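Given next are the chains, with one letter for each unit.
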Amino acid sequence: MSNAKLPSTVRKSKGDDIVVSGNQDFVTMTIADQMFGIPVLQVQDVLGHQRITRIPLAPPEVAGSLNLRGRIVTAIDVRLRLGLTGRPKDKPGMSIVVDLRGELYSLMVDSVGEVLSLTKEDFERNPATLDPRWREVSTGIYRLNGQLMVVLDVPRLLNFTTIETA
Amino acid sequence: MDDLLSEFLTETNENLSVLDVELVRLEQNPNNPELLSNIFRLVHTIKGTCGFLGLPRLEKVAHASENVLGKFRDGELTINPEAVSLILQALDTIKSLLAVLEATEAEPPGDDLPLIERLNLCAEGKLGGPAPVVAAAPPPTAPAVAAAESRPATLDELEALWNSIPGPNDPPPAPAVPASTAMVARAPEPVEEPVHSQDLVVPDAEPVAAKMPAPVAPAASGGHAGGADAGAEAATKESAVAAQTIRVNVDLLENLMTMVSELVLTRNQLLQILRSQKESEFAAPLQRLNHVTSELQEGVMKTRMQPIGNAWAKLPRLVRDLAHELNKKIDLQMLGADTELDRQVLELIKDPLTHMVRNSADHGLEIPAERLKSGKTETGRITLNAYHEGGHIIIEIQDDGRGLAIDRIKQKAIQNGMASEGELASMTDQQIIQFIMKPGFSTAAKVTNVSGRGVGMDVVKTNIEKIGGTIEIKSAQGKGSTFVIKIPLTLAIVSALIVECAGERFAIPQISVVELVRAASDSEHTIERLKGTPVLRLRNRLLPLVSLQQLLRLDDSEDAKKPADETFIVVTQVGTYTFGIMVDRVFDTEEIVVKPVAPILRHIEMFSGNTILGDGSVIMILDPNGIASATGEMAMGEAAGKETTAVQTQRQEDKMALLLFRAGHGAPKAVPLSLVARLEDVDLATVELSNGLPVVQYRGKLMPLVPIDPNFVVASEGRQPVLVFADGDRSMGLIVDEIVDIVEEKLNVQLAAERPGLMGSAIIAGKATEVIDAGFYLTQAYKDWFGSAQEGFEEEKLQRVLLVDDSPFFRNLLTPLLSVAGYDVTAVENAGDALALCEAGEDFDVIVSDIEMPGMSGFDFAEAVRHGSRWHRIPMVALSSHASARDLDRGRIAGFNDYVAKFDRDALLFALQQTLTDQKGAA
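Listed in order, the protein sequences are those of chains Z and Y. Residues in the first sequence are numbered from 1 upward in steps of one, following the UniProt record's numbering. Residues in the second sequence are numbered from 1 upward in steps of one, following the UniProt record's numbering.
Calculated directly from the structure, the hints in this document are not laboratory data. Where hints are given, some of them may not hold.
[Claimed, not checked] Below, a list of computed lysine to aspartate or glutamate pairs in the DMTMM-like style, where the Cα atoms sit at most 20 Å apart:
no. : chain 1 : residue 1 : chain 2 : residue 2
1   : Y       : Lys486    : Y       : Asp338
2   : Y       : Lys595    : Z       : Asp99
3   : Z       : Lys89     : Y       : Asp555
4   : Y       : Lys595    : Z       : Asp33
5   : Y       : Lys412    : Y       : Asp458
[Unchecked claim] Some residues of chain Y that are not near chain Z, with every Cβ distance over 10 Å (derived):
no. : residue
6   : Ala323
7   : Gly375
8   : Gly417
9   : Leu516
10  : Ala598
[Claimed, not checked] Simulated coverage check for chain Z against chain Y, where a stretch passes if three residues somewhere in it have a Cβ under 8 Å from a Cβ of chain Y:
no. : stretch
11  : 53-65
12  : 70-82
Remember, predicted model here, so these are calculated numbers, not experimental data. Every residue, glycine too, gets a C-beta built ideally from N, C-alpha and C.
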């Protein structure tokens, strides 16, 4: 009966709060030659190419779902989420699996790089002129040697209501 | 045994064992307030539940003990070993009374005055000196006496009793029995004061003596030993019962079930691999694994199974009360009460079942006079029948009343604007009956407090569909009606048909699949088209077809190998609506574990979940209900189809159905569809002027027409669309230019409007849209509309009650009680959970809270709610058996609006009603 409505122990997801202080470790990845990073603690798995089941009627960014050791993971095409063109069919790509409030999501990217430990001295807020779509899903930029790394905010990246109304 | 009683016994026995330990700890640390308040709370709970169940003897003992504990707590008495022994003694008395209660389902006669007096003396602080041990003896004797008295004792039983009482020469058996209950341990005590106890034993023992002439002397002289022995027997019996059942957290079982489901899936995968390999050394062990897994699955499923009788337990009483209230004679027959089904399913169908039985009693059965007139017996019959059928449970609710009044349903359907007369004329009776499943539909001539509120069958239907079940109605005028509910045995694993369409595979729950038809140019079945709509001739009926490919907007560009002229049709039944789903291929059926889809995909109605197949791939599970509603379940005409989908979507939780229209200049406008009664097309030639305002004759009444734009001039000819708002027998027409669409969106008003008549602007269907304030226009038509309109709308909504009580027993007791009284109850076990709900954004009309709770007490909870929480305006009712003037004051200061004695059902219902009306009056 109403017991079903009891607040179950809500698992505070690791992705909910990102503290930008001290040294932080990031898993880096490349999408359309741009480097992105996700705090390493939010990453569950890194996958190679996977067989994905398409989901009809789903938002275009949802590439489908896949089976990760018995759990169903929703695959998100980050390229489309960032307003880029879809990945060419001949490139296999890779995925990073993240956990958001107990649900697993697989973020499809072009390639996954190494884990970098970065100091906050190199961190900077998003430039005001950044594409609003990117600004929405990013917490800031790290200045690296020779290139810039955009930090992705997983909860916001997976918040689809903002896209639907846009 | 009565469910309530056995639940009470389990809980109280548990509490008593805790109390034993806690009291001993208290004696050692008398200054531990936490320990004391816990003890107090436990005793208090026992007292409260006894009161509720009408067990005066137990209640009195518990009450007296509670008084003493209360004094301890308030610091008026110091804790000393004597007082603690006295409390322990009282607990032993309670235990022995419970033992009798368990054996005979009734309290033993008599009272415990000496004990209570001593407790009262102790409470007054007058207890001095060592306690003469008085009361230990009578209760142990009581079981024997009561057992002998309250049942027509058979010779065998007496024999057993006689054998259990040792003769004078037997050594007292108590020391030899290694039983561990306190009762046995205490039994030798009375020996120190034999005179007291014997005085008390003799009068009680007389009935035994009278029935068994021989053992008079031994019984009297061996009173202690006999009593102790009976007690010991009871104790061993109790522990035997305890050893047979253990209480396990439901979550643990749920977890276990999930794990087993996964195991089943893995086994299925292995078996599939095995099938593809001819010779494998894994074959034998896999076969074994297969068997073990099946058995394990069955075993775990059994732990979740409960007889359906549990859901029916409250019905006889309900029907009896109803019969009384409605002046009808009703005979309720329940068949197959021991049919077992998953407890999760059971919980979910409990309310719908109750509702339907209530409906049958109220609407279905006639009053005795009417029954006699139509040649039936005076007593109406409602039959509940449950049985298994191929992995499903079928529940039939049948009454021999007047049957569904097709004419009244038609009338009501027209009145509610659900269909036009022309459409109704072309419908079969079966289709017309379906209307009673629509929201807001009630044919009860008058709204009684039993039924007829207009929320009913649609909720039943939604609830049943939620668990993958179906409901069917059969009715014969004058002969009665039958509701047939078909639900899956368990929610965890379902059997599904795997189909393929445009290269993608999908699962369709087997429960909805009726048959499969192959349609090809060379077979006897071919798909024909009516203005592009595919249909199939199946046994002289036209079956509407749904193309899965079109429905899911699948492009088949990737899939070229599909044989173009061959299509499979999955004939699917949802309720009584049968339709065919066109797919490219049909595979096997497979057992699947339904997993919910990711939150970002929940809005897609076509899917009820997803799962992993034997080959490891993920597959979406189609929801036949979603498909049916997406394609127009009633298969009515085009115009009505629009309205039906609108009506169906109305119940979506987060989203709201909005009617988009254009009126005047500027942005498109929207109004919540639920407020609109009908859409009409008014011939402007029929518009008349009354009191300077345009009116139109509408269904024999005058309906004022209000334009959105005040400067709008009503043309003298042509037609104009009008939104009709109705409440009771009044209606008002809002003149608009054009009705654009009905959409379902989250209504999120972003810009508040300055102009009267506008609520603000929101993004609807991708466009900035003005949301109109219907209330403003209603008051333009009728100045006093709002008073009555509001009442009308609130009637439909159940009042939401939040119940906070730490005792699961009380929660289980009060939840159905309040539900039956028409409240929507949410129960939580402590103040923390309640506040969590507050933070989670839940809203309630009233909060009912216990006072004595571990952790945050009711007073603290009330203070927390009153000071700065979002709920600070929600009325609160305190629930406690502690209703002294001081407590009342404390409750009011803490912020409670009312204070109710815990065991007084009527007072609670009255207080709730009162509080809610006060609140409404104040608002």
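Do the hints match the structure? See the list:
1. Y:Lys486 to Y:Asp338: holds, 17 Å
2. Y:Lys595 to Z:Asp99: holds, 17 Å
3. Z:Lys89 to Y:Asp555: holds, 17 Å
4. Y:Lys595 to Z:Asp33: violated, 37 Å
5. Y:Lys412 to Y:Asp458: holds, 15 Å
6. Ala323: holds, 25 Å
7. Gly375: At roughly 42 Å from the nearest Cβ of chain Z, glycine 375 of chain Y sits farther out than 10 Å, so the non-interface label holds.
8. Gly417: Given a closest Cβ separation of 30 Å, the condition holds.
9. Leu516: Holds: least Cβ distance 22 Å, greater than 10 Å.
10. Ala598: Non-interface label fails for alanine 598 of chain Y: nearest chain Z Cβ at 4 Å, not farther than 10 Å.
11. 53-65: With 10 residues in contact (Cβ-Cβ under 8 Å with chain Y), the coverage given for the stretch 53-65 of chain Z holds.
12. 70-82: It holds, with 3 qualifying residues against the three required.
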